[in-house]
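Trainee: Spelled out from the first residue to the last, the chains are:
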Amino acid sequence: MCLGIPGEVIEILTDRPDLAKVDVCGVKRNINIGLLEGEELNAGDWVLIHVGFAMSKIDEREAASALEFLEGIGQAYAEELAALADSEAHRG
Amino acid sequence: MRFVDEFRDADKALALSAKISELCEPGRHYKFMEVCGGHTHTIYKHGLEDYLPDSVQLVHGPGCPVCVIPMGRVDDAIAIAEEPDVIMTSFGDMMRVPGGRGSFFDSNAAGADIRMVYSPLDALKIAQANPAKRVVFMAIGFETTAPSTAMTVLRAEAMGLENFSLFCNHVTIIPAIKAILDSPDLRLDGFVGPGHVSTVIGCRPYEFIARDHGKPLVCAGFEPLDILQSVYMLMLQLHEGRSEVENQYSRVVPWDGNPKALEVIARTMQLRPYFEWRGLGFISHSALQMRPEYARFDAERIFDVPGVRVADPKACQCGEVLKGVLKPWECKVFGTACTPETPIGTCMVSSEGACAAYYNFGRFSRERVKSATRTVDIELSPAPS
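If you read the sequences in order, they're chains V and Z.
Read in order, the letters of the first sequence correspond to residues 1 to 92 in our numbering.
Read in order, the letters of the second sequence correspond to residues 93 to 477 in our numbering.
Extracted from the complex, chain Z is given alone in its bound form (with noise of 0.2 Å):
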């Protein structure tokens, strides 16, 4: 692992840490939500909260899909992988996600046949291999795997394949996005927008935010150093009196994304009229279903899915630690009944959750990144003359 003290543009984190202290105005607080896993993971790995402002405050939005996934469809996904001749595939990281009846390792225990795939079309591969099974991928991730998805729909369908499907759940970022703004729990001063969701939806989708809502948002890349400057793009757009989408990761992310991936999604794929997200409740036109044309890849249509809700476990605060509403030390459970060995709720399952980025790195990070700043500081003031 690597430590915080390691932490080699230190000097230049500082920098953009007066630079932003500067542009804070007296008795204001400033609230910025970013909504990518991946920034999470930064932000706790590199302790970033301790080289902002105590008025300058980051609170993760739902960026994680497996962690936004509701328990009834992990049950939903069960139910499928129970019928006669089913093999059920998925990413590694829904494989300990807890449904109402356990997990997808609880199920194989119990004599399905739940397989861990690195790629959809692995699940195209065992298809190929096995044509007396139904072999079944549950689709999941925001616009970042969706067009991997449907690069593999085109795939089974060029092949002719007759014995796949998919169990689709992908979600999409603009309209949990929109439901929290509508939100009256959070009140958010702008976004450090997603990098890899960006790279294929580019960046006009959040023009609404800015435009209508009237709060600025930096798409931003995954060093520390990437974060601390959108915080800085950010707190320049509020200082002025702007409210913009810029691109802090343009050296990948282009302004109109990857029209390629778009154009597959668009092909295969069509908005559902809504879907139930973990914690935030039911979003209308957030999720993507099988296009009528590609029905006869469609689990959902080819499978009886019980489609039951199942509530969250009471001690489980996964809900208000996606909104942003709790920082995940503040949930009940927190790395006492809740760890990752042991998840209660799906923020502490994935790799990329809030909970488990805290738990892994945050506890860690923050004392050292007090030392490792202290030094700084003191090697960077200038000697007494």
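Pulled out of the complex, with its shape left as it was, chain V reads as follows (with noise of 0.2 Å):
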């Protein structure tokens, strides 16, 4: 839940500019990004996502970095992407 996972933005969401579709480690999502209001986002950035919400905009290193961590911690992280892969909120 407090995990921040990385994704990289895919497209703006025309009709709902509050989404934006979303490849998080190979699982396309919609995430929300009305948190992010006023920074300038675009396809190819990277977002650090907690439970659907874009918190902040991350530069691809960082994006490895914290990929890396999650890799680490194994489980926790296994289920949390499970449960964003079953989000039905989520799903494109």
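Not one of these hints is a red herring.
Think about it this way: if two alpha-carbon atoms lie no more than 25 Å apart in a straight line, the pair counts; the simulated DMTMM-like pairs of lysine to aspartate or glutamate are:
| no. | chain 1 | residue 1 | chain 2 | residue 2 |
| --- | --- | --- | --- | --- |
| 1 | V | Lys-57 | Z | Glu-355 |
| 2 | Z | Lys-352 | V | Asp-23 |
| 3 | V | Lys-57 | Z | Asp-348 |
Treat the hints as calculated values from the structure; they're not laboratory data.
Remember, predicted model here, so these are calculated numbers, not experimental data.
Hints are included, so try docking the two chains, each in its own frame, into the full complex.
Mentor: See below:
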């Protein structure tokens, strides 16, 4: 729950500007970007995601390091990713 | 599982370790608290304590939001779940947390409908799909997750949903740090500041710790080197007689936090007069509740919440672990009666809890670090001339 998971923005949804399609470890999900108001967000940018919401914009290096941290955690991360994959609200 | 001997920056870690050792004053002991479950994880996973001189100790604070929820709140949530037509929802971490009358899993087995969700927006989706049901989301977490809850309430309002409410258990980090600073149990020399919480609140709220309590705080990232570097920055401040707030994790944490996140929290939630924390007791203004304007989304106003206080089991020493007074392995039931499979206390339930982190990684890493550091030591030694 407190894990920040990095994801790469694929596209900003034109009909819902508060949502972006984001690739999170190969799983494509709609992520709420309403908390990044005022920050310019484009395809190819990386964000740190908490419980379905992008909380901060990060660079690719930070994304790699966050991912490494998560992979080290193991089971909790696997569970968080599985929960995101199952999440109805974030399905594209 | 990745092992400590694969720790690729072991040489950099040893270099930092040497710099930290140089700053140690003879006869002085240093105790730093980290207040973030993610940091606790990194420390145990990589055996970072073994990279520090014996006189520098890391203690784990109340940084795991599941761990600090008192048993009575779990019972309250179950009482709401048992009301007619209720679907209770919460994060997976909450499902196994024991209350006085069992956990959410036990309650489900007894006929309640308590569902695990990934995000509060999933709970909203369940409410939309089940208009005849009353869907409650048990919100937990520090400032990291509070903005998501706030955004969800605003969304429910915009959608005109009438069967969705929140059982709000969001806690705030600053009053917990204050309570620890005021507690006579611990003499701390400084803090490794939380990473993700600080992306929301920024660094300014910690300034009183440096100014009024004379203790340095360094916001830290989650890599092993981030934590060692933060300890070095704390030691350097003490060595130079400074007490300041510094930001080691500036690549993610903005000094002023996330203004939008703070704005949505303030719009929908307000501070409670007091809230009970497991281990720390009642702390003034340490948690959030829905603002009266959002009363129709507030489960505590919609349902009859018993609000009974339940004492922790006698054997459980989570309170001492959460205050940093005891290390996980010093608890009487650690690893015997209390394991991640059959947890007695919250610190063993959540993967962010100090006990679970130590149980899963710490026990194994200690020995490995010792052998890994020995190997690197040999490699780093200059060849004899």
